[in-house]
Amino acid sequence: MQTDFIVGSLQLNSVSIPVISDFLNFGDILGAIKARWAINRNNYKINPGLYAIGKPNENSNIFVTANYKLSFDHLRKNLKNIDSWILILDTKGINVWCAAGKGTFGTEELIKQIQQTKLVEIVNHKKIILPQLGAVGVSAHDVKKITGFHVIYGPVKASDIPDFINNKFTASREMRTVFFPFFERIKLIPVEIIGHFQYLIFAIAVFFILAGINSNGYSVDKAFDGGLKAMVMLLAGFLSGVAIAPALLPYIPVKQFFMKGAILAYIITGLLIYFFPGISLFENISWFFIVPAVSAFIAMNFTGTSTYTSLSGVLKEMKLAIPLQIIFAFIGLVLWIIGRFI
Amino acid sequence: MEHRYLKNVVTLKLDVEKCNGCKMCMIVCPHNVFIVEERKAIILNKDLCMECGACAKNCAQEAISVKPGVGCAAGILMGMLKGTEPTCDCTSDSGSSCC
Ligand code: SF4
Ligand code: SF4
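Chains as they are written, first to last, in the numbering used here: chain C, 437 to 778; chain B, 1000 to 1098.
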């Protein structure tokens, strides 16, 4: 576990509270990039508890966050020159919103940390500031009832904290809203790629093996040619669902995610088949079933990464999407195999 | 450009009788579903609700009900395969999103 952000300690009521830096060093930035590519992602946490930033005293604000290092880094970077306390909840190294959904960033854990760190003895006020998205797991009135601390929900993004403070601790409508802009969607693509990559490799391998089958038995040359073609088509479907659909998300004029993926796949397949036709009509048609099925499935999985889909909505979409994807993949595969024989 | 998901699917309900106009729901909702006028909450944009459950959790009057969950297809599939509730492995991340 990394601890080089601790730059000193503060003695208070005979307890020692670590003081942390408000500056992200090279290691922190590298760590963030690695986490984006899902490297070491599951072990990117810090110790829960109370930390100090700058020179806080008994009147300073208390900010709460998760023990996922990226959440913690976002917070401390935005508290530059703002003397404060930081209370870290044990969310098992998961970011605030996700942890709040699971309940680990929750009422119980917050109460436990308030009591364990003896917060009442450290400050002489009763205000504690939480990121707004923590509200999914925390019930402010219950925290108040048990600990006396009044939960104030801050902005969604830590970068709005200075404005939030200047604004007498109220977050504007803008600060309270979760947006999902282009740049943020792009940042999430690497993790999507890594998450689905193994299935792509598996599918490509299967097609390479099947491609050798023909009316004369098995041909390694054909396996290679057909497999290569299949690889290009599968890769197209993969990229369509994993990258293009997320990037163009609001511009594709349908609401269901699987349809977004499917529509893109039809355009891409059309272009590819036009310029690089397959060995038979059957094969050409087969790709119009397989590529959309692949792209639709992966795009559908982006519902989990997006910031606005409801469980009820996704369930409704899946009731239609899953059977369609299975039927399309099946028809496509049958046509493709028939295409190997004529 | 604003994102819009399916219409008329969410489980969000508000019992105006119980509401005392405290504005908590308005403060915690990440999609501005509520406004409070004349000390009563109003559901303004029901279709923007993502069923995160924050409003219901923070309404001390218990005026709001919603079946909370993650709108995550992979999590739902995983749940179906394992026979559990939808669970999300949260491998993606960012400060902005889940799953
Ligand atoms: S949180 Fe509950 S009581 Fe407060 S305004 Fe909203 S509905 Fe009304
Ligand atoms: S469940 Fe979440 S998104 Fe829906 S209204 Fe409540 S706070 Fe807003």
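Read the hints as simulated data drawn from the structure, not as lab findings. Think of the CB as a built atom: it goes at the ideal place given N, C-alpha and C, for glycine as much as any other residue. Be a bit skeptical, because a hint or two may be false.
As the list claims (entries may be wrong) - With a cut-off of at most 30 Å between alpha-carbon atoms, the simulated DSSO-like pairs for lysine-lysine come out as follows:
#1 C:538 x B:1045
#2 C:623 x B:1045
#3 C:580 x B:1066
Unchecked claim - Derived CB-CB ranges, DEER-like:
#4 B:1022 x C:711: 53 to 59 Å
#5 C:755 x B:1015: 49 to 55 Å
#6 B:1061 x C:710: 58 to 64 Å
#7 C:642 x B:1036: 56 to 62 Å
#8 B:1060 x C:518: 33 to 39 Å
#9 B:1043 x C:706: 26 to 32 Å
#10 B:1061 x C:551: 23 to 29 Å
#11 B:1020 x C:490: 23 to 29 Å
#12 B:1015 x C:462: 42 to 48 Å
#13 C:447 x B:1038: 44 to 50 Å
Claimed, not checked - What the simulated footprint calls covered on chain C by chain B, stretch by stretch (three residues with Cβ under 8 Å from a Cβ of chain B suffice, anywhere in the stretch; the number is not a length):
#14 462-468
#15 573-581
#16 729-742
Does the Cβ pair residue 1061 of chain B, residue 710 of chain C satisfy 58 to 64 Å?
-> holds, 60 Å
When you take the CB atoms of residue 755 of chain C and residue 1015 of chain B, is the distance between them in 49 to 55 Å?
-> Violated - the Cβ-Cβ distance for residue 755 of chain C and residue 1015 of chain B, about 32 Å, lies outside 49 to 55 Å.
Between residue 1043 of chain B and residue 706 of chain C, does the C-beta distance stay in 26 to 32 Å?
-> violated, 41 Å
Check of the region 462-468 of chain C against chain B for coverage (Cβ-Cβ below 8 Å, three residues minimum) = violated (count 0)
Verdict on chain B covering the region 573-581 of chain C, criterion of 3 CB contacts below 8 Å = holds (count 5)
Return holds or violated for the Cβ distance of residue 447 of chain C and residue 1038 of chain B against the range 44 to 50 Å.
-> holds, 48 Å
Quick one: are residue 1020 of chain B and residue 490 of chain C within 23 to 29 Å, going by C-beta?
-> The hint (23 to 29 Å, Cβ to Cβ) is violated, given that residue 1020 of chain B and residue 490 of chain C are roughly 38 Å apart.
Has the hinted range 33 to 39 Å been met by the Cβ atoms of residue 1060 of chain B and residue 518 of chain C?
-> Hint holds: Cβ distance 34 Å, inside 33 to 39 Å.
Take a look at whether the Cβ-Cβ distance between residue 1015 of chain B and residue 462 of chain C falls inside 42 to 48 Å.
-> violated, 55 Å
Would you say the C-beta atoms of residue 1061 of chain B and residue 551 of chain C sit inside 23 to 29 Å of each other?
-> holds, 26 Å
Holds or violated: are the alpha carbons of residue 623 of chain C and residue 1045 of chain B at most 30 Å from each other?
-> Holds: residue 623 of chain C and residue 1045 of chain B sit about 29 Å apart, inside 30 Å.
Regarding the pair residue 580 of chain C and residue 1066 of chain B, is the alpha-carbon distance no greater than 30 Å?
-> Status holds; Cα separation ~24 Å.
Going down the numbered hints, you'll see the structure goes against 5, 9, 11, 12, 14, while the others check out.
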